[in-house]
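Residues per chain, in single letters:
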Amino acid sequence: MVPLLRVTNLAVEFSTYGGIVHAVRGVDFELEEGQTLAIVGESGCGKSVTVQSMMGLTPMPPGRLVSGSAQFRGEEILGRRKIHGKEIRGAEIGMIFQDPMTSLNPTMTIGDQIAEPLQVHRGMSRRKALKEATELLELTKIPEAAKRSKQYPFEFSGGMLQRAMIAMAIACKPSILIADEPTTALDVTIQAQILDLLQDIQREIGMAIILITHDLGVVARVADEVAVMYAGKVVEFGKVDDIFYRSAHPYTVGLRAAMPVNDPSRNHVLSPIEGSPPDLFAPPAGCGYCSRCPEAMEVCATEAPPTKVLDAGHTSSCWLQQDGAPHPENLFFNEERL
Amino acid sequence: MTATDLLLEIQHLKKYFAMGSGQYVHAVDDVSLDIFQREIVGLVGESGSGKSTFGKTILGLHSKTAGKIFYRGEALPTKYKTSDYRRFSSRMQMIFQDPYSSLNPRMTVGEIVGEGVRLNKTFELTEIRDRVASWLERVGLQADHMSRYPHEFSGGQRQRIGIARALILEPEFVVCDEPISALDVSVQAQVVNLMGELKQSMGLTLLFIAHDLSMVRYVSDRMAVMYLGSLMEVGAADDLYFKPMHPYTEVLVGSNPEPDPAGERTRLSTSIQGEIPSPVNVPAGCRFANRCPKVMDVCRLDTPKLIAINGADREVACHLYG
Numbered sequence: 032m033v034p035l036l037r038v039t040n041l042a043v044e045f046s047t048y049g050g051i052v053h054a055v056r057g058v059d060f061e062l063e064e065g066q067t068l069a070i071v072g073e074s075g076c077g078k079s080v081t082v083q084s085m086m087g088l089t090p091m092p093p094g095r096l097v098s099g100s101a102q103f104r105g106e107e108i109l110g111r112r113k114i115h116g117k118e119i120r121g122a123e124i125g126m127i128f129q130d131p132m133t134s135l136n137p138t139m140t141i142g143d144q145i146a147e148p149l150q151v152h153r154g155m156s157r158r159k160a161l162k163e164a165t166e167l168l169e170l171t172k173i174p175e176a177a178k179r180s181k182q183y184p185f186e187f188s189g190g191m192l193q194r195a196m197i198a199m200a201i202a203c204k205p206s207i208l209i210a211d212e213p214t215t216a217l218d219v220t221i222q223a224q225i226l227d228l229l230q231d232i233q234r235e236i237g238m239a240i241i242l243i244t245h246d247l248g249v250v251a252r253v254a255d256e257v258a259v260m261y262a263g264k265v266v267e268f269g270k271v272d273d274i275f276y277r278s279a280h281p282y283t284v285g286l287r288a289a290m291p292v293n294d295p296s297r298n299h300v301l302s303p304i305e306g307s308p309p310d311l312f313a314p315p316a317g318c319g320y321c322s323r324c325p326e327a328m329e330v331c332a333t334e335a336p337p338t339k340v341l342d343a344g345h346t347s348s349c350w351l352q353q354d355g356a357p358h359p360e361n362l363f364f365n366e367e368r369l
Numbered sequence: 292m293t294a295t296d297l298l299l300e301i302q303h304l305k306k307y308f309a310m311g312s313g314q315y316v317h318a319v320d321d322v323s324l325d326i327f328q329r330e331i332v333g334l335v336g337e338s339g340s341g342k343s344t345f346g347k348t349i350l351g352l353h354s355k356t357a358g359k360i361f362y363r364g365e366a367l368p369t370k371y372k373t374s375d376y377r378r379f380s381s382r383m384q385m386i387f388q389d390p391y392s393s394l395n396p397r398m399t400v401g402e403i404v405g406e407g408v409r410l411n412k413t414f415e416l417t418e419i420r421d422r423v424a425s426w427l428e429r430v431g432l433q434a435d436h437m438s439r440y441p442h443e444f445s446g447g448q449r450q451r452i453g454i455a456r457a458l459i460l461e462p463e464f465v466v467c468d469e470p471i472s473a474l475d476v477s478v479q480a481q482v483v484n485l486m487g488e489l490k491q492s493m494g495l496t497l498l499f500i501a502h503d504l505s506m507v508r509y510v511s512d513r514m515a516v517m518y519l520g521s522l523m524e525v526g527a528a529d530d531l532y533f534k535p536m537h538p539y540t541e542v543l544v545g546s547n548p549e550p551d552p553a554g555e556r557t558r559l560s561t562s563i564q565g566e567i568p569s570p571v572n573v574p575a576g577c578r579f580a581n582r583c584p585k586v587m588d589v590c591r592l593d594t595p596k597l598i599a600i601n602g603a604d605r606e607v608a609c610h611l612y613g
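First to last, the protein sequences are chains A and B.
The opening position of the first sequence corresponds to residue 32 in our numbering, with each subsequent residue numbered one higher.
The opening position of the second sequence corresponds to residue 292 in our numbering, with each subsequent residue numbered one higher.
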């Protein structure tokens with residue numbers, strides 16, 4: 032079966048004064064209809080560039096697409112604006128951003144901003160689009176939607192703005208919603224509301240979600256599948272349970288050990304990942320995680336590990352899981368080792 | 292803990308900001324809290340609840356509207372003069388949230404870290420240099436980073452510079468205002484562990500302000516929950532997190548997603564409607580009443596006081612108790 036979205040070997044680089052930054056260095060993943068895929072990793076690992084280049088949102092130049100393809104229902108979307116006469120951006124794929132304060136236009140009313148995609152992509156009249164915008168605000172559970180739609184962004188709180196952004200992104204009922212750190216700037220109580228809202232809307236209109244985040248708690252709460260990124264590559268991919276209970280890549284294990292676990296029966300001590308991510312001006316020849324990895328071997332410094340399928344839908348790129356690795360018990364890092 | 296271990300005694304502290312036309316932002320409204328020597332008190336709450344203002348008012352970075360603070364029994368001035376800052380800055384310091392905007396980009400790291408020593412102590416220049424060098428090494432940087440500028444460092448390294456700047460005067464009490472929220476998960480643990488080590492070796496007392504509940508629980512001995520300028524609940528960190536009593540604490544803990552997918556699937560959603568109200572026109576009665584899932588009639592009329600439950604281990608401000 033053709034997946035909703037299949038990204039293969041995507042690589043993007045940027046030329047800057049300091050040289051060429053190899054931001055994304057060969058990313059593969061698949062997304063099925065109605066599923067939630069979380070992309071996790073620390074800042075600068077290429078999460079945002081991956082989805083932005085897919086959407087045609089990276090400025091080129093300075094950006095450059097080195098290789099790769101992204102197929103939406105089997106059709107190539109990289110470098111194209113339309114498929115089957117429909118715009119990809121806004122109509123087929125919606126997007127919400129981390130900071131709702133700076134992503135909305137301060138000089139337009141909220142209603143007009145939500146109506147805009149409807150006018151552009153659906154050819155609605157302004158009047159009809161505004162009416163629909165009010166309904167969308169109701170769908171995102173904004174009280175007094177009719178009054179609110181006539182207000183400007185400065186009159187909204189952060190959580191309300193994020194709801195308005197969601198209303199705008201889902202206006203054309205996209206098949207995929209990309210949410211780039213949608214709750215990072217919000218309080219936990221508001222975060223819980225927004226995550227619940229996203230899941231409600233997902234059920235209602237049956238869209239898939241790509242959620243970019245660095246918070247493993249959020250991942251555990253909403254994701255079906257998880258792609259763990261490090262230094263511009265997906266180092267581990269799997270179902271959410273594979274990633275949390277059968278972590279294979281040392282980076283995934285490291286991330287989990289660096290977070291406090293709220294279990295009163297366990298006296299857990301945080302073990303940080305020492306060092307910092309590699310310089311992507313000159314990415315390492317071998318595995319990107321090599322310099323910080325507690326399990327690093329000689330081969331890791333010189334040769335990039337191939338991707339190995341561990342289980343149906345669970346892959347990891349680490350030499351420890353290759354045939355002939357010295358520690359076969361390292362195939363999975365189970366709960367006790369954390 | 293006995294009264295002799297008491298480091299800071301905060302009594303009915305208020306901080307209002309005038310907005311003109313007779314209106315005031317009630318940022319901190321009648322907060323009383325005791326902080327004992329060598330403990331870490333975690334302060335949590337949503338943004339806009341007055342956590343940072345509380346921390347800054349303790350240090351005199353804001354003048355007090357009302358209330359008193361005693362430091363080892365000595366009352367701190369209501370409004371600090373230059374000489375007061377000089378007297379207290381070597382005992383009380385602050386680590387700021389944003390490691391990008393809290394370091395002067397035109398000063399070298401050596402100047403930033405050494406400034407406090409230069410102003411407060413009568414040391415020779417070479418001795419200041421030696422101290423800065425040893426502190427940079429103590430926080431995990433290198434002595435020769437002294438001549439570099441802040442932009443040459445990553446977020447985690449900058450936060451280490453901020454820690455060195457705060458601790459070089461060897462204070463007793465440090466307010467850490469969201470010291471890790473701008474950092475990546477892997478780096479957060481590095482900074483938290485560093486602060487734990489320094490707390491042990493220097494006998495520090497910390498007020499740790501953050502909104503990441505799991506991290507605050509992990510770091511703190513005691514935890515205080517703040518909402519709209521008032522304390523809702525105070526207690527031992529684990530006890531408060533795993534057995535919350537105040538409905539607001541329940542909501543906060545319940546909204547905090549855990550890195551455990553199986554647990555998350557079975558957990559009931561505890562999210563509450565609405566957002567934190569404006570601190571300008573504070574409603575009568577309990578501040579949390581209009582969002583509280585367990586609200587009663589009395590809550591809208593009467594402001595509950597922080598009362599001790601189970602001896603003195605736990606204090607809760609809610610009409611459900613007492």
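It should be emphasised that the hints constitute simulated quantities derived from the structure, not laboratory data.
Do not rely on the hints blindly, as some may be mistaken.
Listed next, the stretches of chain A that the computed footprint assigns to chain B, with coverage defined by at least 3 CB atoms under 8 Å from CB atoms of chain B [unchecked claim]:
1) 84-93
2) 105-117
3) 265-275
To spell it out: a stretch of chain B is covered by chain A in this simulated footprint if at least three of its residues, at any positions, have a beta carbon under 8 Å from a beta carbon of chain A; those stretches are [claimed, not checked]:
4) 395-408
5) 419-431
6) 496-506
Computed from the model, here is a short list of chain A residues facing chain B with C-beta under 8 Å [said to hold, decoys possible]:
7) G285
8) L286
9) A289
10) M290
11) V330
We put the CB at the ideal spot given by N, CA and C, even for glycine.
Hints the structure fails to honour: 1, 2, 4, 5, 11
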